[in-house]
Amino acid sequence: MTKSPTATAGRVGFSHIHRKLAPIQVAALPLSRNDKLLPTARKVYDILRKHFRSQYDDAQSIGRRYRRQDEIGTPYCVTIDFDTIDDHAVTIRDRDTMHQARVPVSDLVDILKDKIEHAW
Numbered sequence: 246m247t248k249s250p251t252a253t254a255g256r257v258g259f260s261h262i263h264r265k266l267a268p269i270q271v272a273a274l275p276l277s278r279n280d281k282l283l284p285t286a287r288k289v290y291d292i293l294r295k296h297f298r299s300q301y302d303d304a305q306s307i308g309r310r311y312r313r314q315d316e317i318g319t320p321y322c323v324t325i326d327f328d329t330i331d332d333h334a335v336t337i338r339d340r341d342t343m344h345q346a347r348v349p350v351s352d353l354v355d356i357l358k359d360k361i362e363h364a365w
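Quick note, the sequence shown lines up with residues 246 to 365 if you use our numbering.
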């Protein structure tokens, strides 16, 4: 099922693809291209790509990256921010609900697997 170019939650070009069928299931998005943040972001991405069809994106602003992932139908974005370095937690953003939740990196794979498996 595709919703394009209708406006969904104020977004145009939003693609609604079932989570299991999405070409990219999870995107790893560092908040910025700061040298202190990038190694942590790459580690999180390395974890994700072992379990999911994943993409790493650090180009442009975080808002544009969210929008780009929405347009291609990526169901989940994982944001790595400066707090991640200290608290070892990331933010998962759901494409369909726009809900964001902070979760420990150690639980990330299990949480995402559950969300993808039990979608709809």
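No wet-lab data here; the hints were simulated from the structure.
Possibly wrong hints are sitting among the right ones.
Restraint-style ranges between C-beta atoms, simulated for each label pair [claimed, not checked]:
(1) R278 - H363: 30 to 36 Å
(2) D291 - F327: 15 to 21 Å
(3) H263 - F327: 29 to 35 Å
(4) R312 - R287: 19 to 25 Å
(5) H363 - D280: 34 to 40 Å
We put the CB at the ideal spot given by N, CA and C, even for glycine.
Going down the list of hints, with the structure as the test:
{"no.": "1", "hint": "R278 - H363: 30 to 36 Å", "in the structure": "34 Å, holds"}
{"no.": "2", "hint": "D291 - F327: 15 to 21 Å", "in the structure": "19 Å, holds"}
{"no.": "3", "hint": "H263 - F327: 29 to 35 Å", "in the structure": "34 Å, holds"}
{"no.": "4", "hint": "R312 - R287: 19 to 25 Å", "in the structure": "23 Å, holds"}
{"no.": "5", "hint": "H363 - D280: 34 to 40 Å", "in the structure": "38 Å, holds"}
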